[in-house]
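With the hints as extra help, turn the sequences into a complete structure.
As given, the protein sequences belong to chains A and B, one line each in that order.
The numbering of the first sequence is this note's numbering, which starts it at 17 and goes up by one.
The numbering of the second sequence is this note's numbering, which starts it at 36 and goes up by one.
Hints in this document: simulated from the structure, not taken from any laboratory.
Quick caveat, the model's predicted, so the values are computed rather than measured.
Using N, Cα and C, we set each Cβ at its ideal position, and we do this for glycine too.
Hints may be right or wrong, so weigh each one.
[Unchecked claim] Footprint (simulated), chain A over chain B, 3 or more residues, beta carbon under 8 Å: (1) 43-57; (2) 158-169; (3) 181-195; (4) 225-235.
[Said to hold, decoys possible] In silico SDA-like links for lysine to any residue, alpha-carbon gap of 20 Å or less: (5) K135/B with E22/A; (6) K135/B with G41/A; (7) K135/B with L39/A; (8) K70/B with L39/A; (9) K89/A with Y150/B; (10) K89/A with K128/B; (11) K128/B with F31/A; (12) K128/B with V47/A; (13) K135/B with A117/B; (14) K89/A with G56/B; (15) K128/B with L37/A; (16) K128/B with L45/A; (17) K135/B with V28/A; (18) K89/A with G152/B; (19) K128/B with E33/A; (20) K135/B with P82/A; (21) K135/B with C30/A.
Spelled out, the chains give:
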Amino acid sequence: MSGLREGWLQIVACFAEVQTLALLGLIYLLVIGPASLVSRAVRADFLSKRELGGPGSAWREADTRPPRLENVKQPF
Amino acid sequence: MNILGISCFYHDSAAAVLRDGELVAAAHEERFTRKRHDPDLPRNAVAYCLREAGIGIGDVDYVAFYDKPFIKFERILLTYLATFPRSLPSFTKAIPVWLKEKLWIPSVIARELGYEGEILFAEHHQSHAAAAFLPSPYEEAAILTVDGVGEWATATEAIGRGNQIEMVREIRFPHSLGLLYSAFTYYLGFKVNSAEYTVMGAAP
Numbered sequence: 017m018s019g020l021r022e023g024w025l026q027i028v029a030c031f032a033e034v035q036t037l038a039l040l041g042l043i044y045l046l047v048i049g050p051a052s053l054v055s056r057a058v059r060a061d062f063l064s065k066r067e068l069g070g071p072g073s074a075w076r077e078a079d080t081r082p083p084r085l086e087n088v089k090q091p092f
Numbered sequence: 036m037n038i039l040g041i042s043c044f045y046h047d048s049a050a051a052v053l054r055d056g057e058l059v060a061a062a063h064e065e066r067f068t069r070k071r072h073d074p075d076l077p078r079n080a081v082a083y084c085l086r087e088a089g090i091g092i093g094d095v096d097y098v099a100f101y102d103k104p105f106i107k108f109e110r111i112l113l114t115y116l117a118t119f120p121r122s123l124p125s126f127t128k129a130i131p132v133w134l135k136e137k138l139w140i141p142s143v144i145a146r147e148l149g150y151e152g153e154i155l156f157a158e159h160h161q162s163h164a165a166a167a168f169l170p171s172p173y174e175e176a177a178i179l180t181v182d183g184v185g186e187w188a189t190a191t192e193a194i195g196r197g198n199q200i201e202m203v204r205e206i207r208f209p210h211s212l213g214l215l216y217s218a219f220t221y222y223l224g225f226k227v228n229s230a231e232y233t234v235m236g237a238a239p
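So, in structure tokens, the structure goes:
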């Protein structure tokens, strides 16, 4: 009986994997896709590829908060 | 004051315990599970560190996590937007882990470790800088960290003085020497986040 249950759980796990892939694929196509196309249309540069720190250098001033207690209490 | 440091859900999870600023114990989860580069919550490493320190989870004043997950998630989502449609395989692989664990670090730690106190989130490169500078014999030093990517930074310059670290400059994703190194690791047929040392060893 436990062998039957194990087999059933494996089948269900396969279904869950396929379902997850299908759902994420849909979200990617319906949310990320259009948002990406709009961002390209308005020439958004999310990765700041056009903004380099100086001629020939990617170094820029650190965009960071000091590691003080009040700054490390949030996960963002 | 007892602080439990945790790194997990990426690769090579680990834990460390500090008491009043002194390192008491540190351990790599893979040494207990025998699973190479084990990324799971380091339950065994945490248990070992607490045992070495002679304390229980209730004696821990703070748990410190090694990066800020929400900023990292923002960077990942924006990267998916910028690289549509090539990012589909990465999206379907990475998002389930984020939704299941990485966005819920406090809940996962509370549930799995029975910890009820505050959790602190240092920035990724501040963690690297602290790991390099604080155990060093130097009272003052310039600190250079070069990584694949943390939240947004991929390399940083900082100044360490006493127990303070001031971040000065950084290189931001997608510009990354570490990711370039990983790309070559992959190109040579090795596993990324694993065999970089092999590539380094193969260099003259």
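- Task: For the pair supplied as a hint, K128/B and L45/A, confirm whether the alpha-carbon distance does not exceed 20 Å.
- Result: holds (15 Å)
- Item | Satisfaction of hint between A117/B and K135/B, Cα-Cα up to 20 Å | Roughly 24 Å between the alpha carbons, so the hint for K135/B and A117/B is violated.
- Query: Do three or more residues from the segment 225-235 of chain B put their C-beta atoms closer than 8 Å to C-beta atoms of chain A?
  - Reply: violated (count 0)
- Message: Against the 20 Å threshold, does the CA-CA distance of K128/B and F31/A hold or violate the hint?
- Response: holds (16 Å)
- Message: Tell me if the straight-line CA distance from K128/B to E33/A falls inside 20 Å.
- Response: Holds, at about 11 Å.
- Message: Does G56/B sit within 20 Å of K89/A, going by the straight-line distance between their CA atoms?
- Response: Holds, at roughly 18 Å.
- According to a criterion of three or more residues whose C-beta lies within less than 8 Å of a C-beta of chain A, is the segment 181-195 of chain B covered? That given contact holds, which follows from 5 residues of the segment 181-195 of chain B lying within Cβ reach (below 8 Å) of chain A.
- Proposed proximity, L39/A with K70/B (alpha carbon, max 20 Å): violated (30 Å)
- Task: Mind taking a look at whether chain A covers the segment 43-57 of chain B? Criterion is 3 or more residues with CB to CB distance under 8 Å.
- Result: violated (count 0)
- Query: Is it true that the CA of K135/B sits at most 20 Å from the CA of P82/A?
  - Reply: violated (30 Å)
- Verify the proposed pairing of K135/B with E22/A, using a straight-line Cα cut of 20 Å. With a Cα-Cα distance of about 23 Å, the restraint between K135/B and E22/A is violated, given a limit of 20 Å.
- Message: Just to be careful, I want the Cα atoms of K135/B and V28/A compared with a cutoff of 20 Å; is the pair within it?
- Response: Since the Cα atoms of K135/B and V28/A sit roughly 18 Å apart, the hinted pair holds (cutoff 20 Å).
The structure fails hints 1, 4, 5, 8, 10, 13, 20 (numbered hints given earlier, in ascending order).
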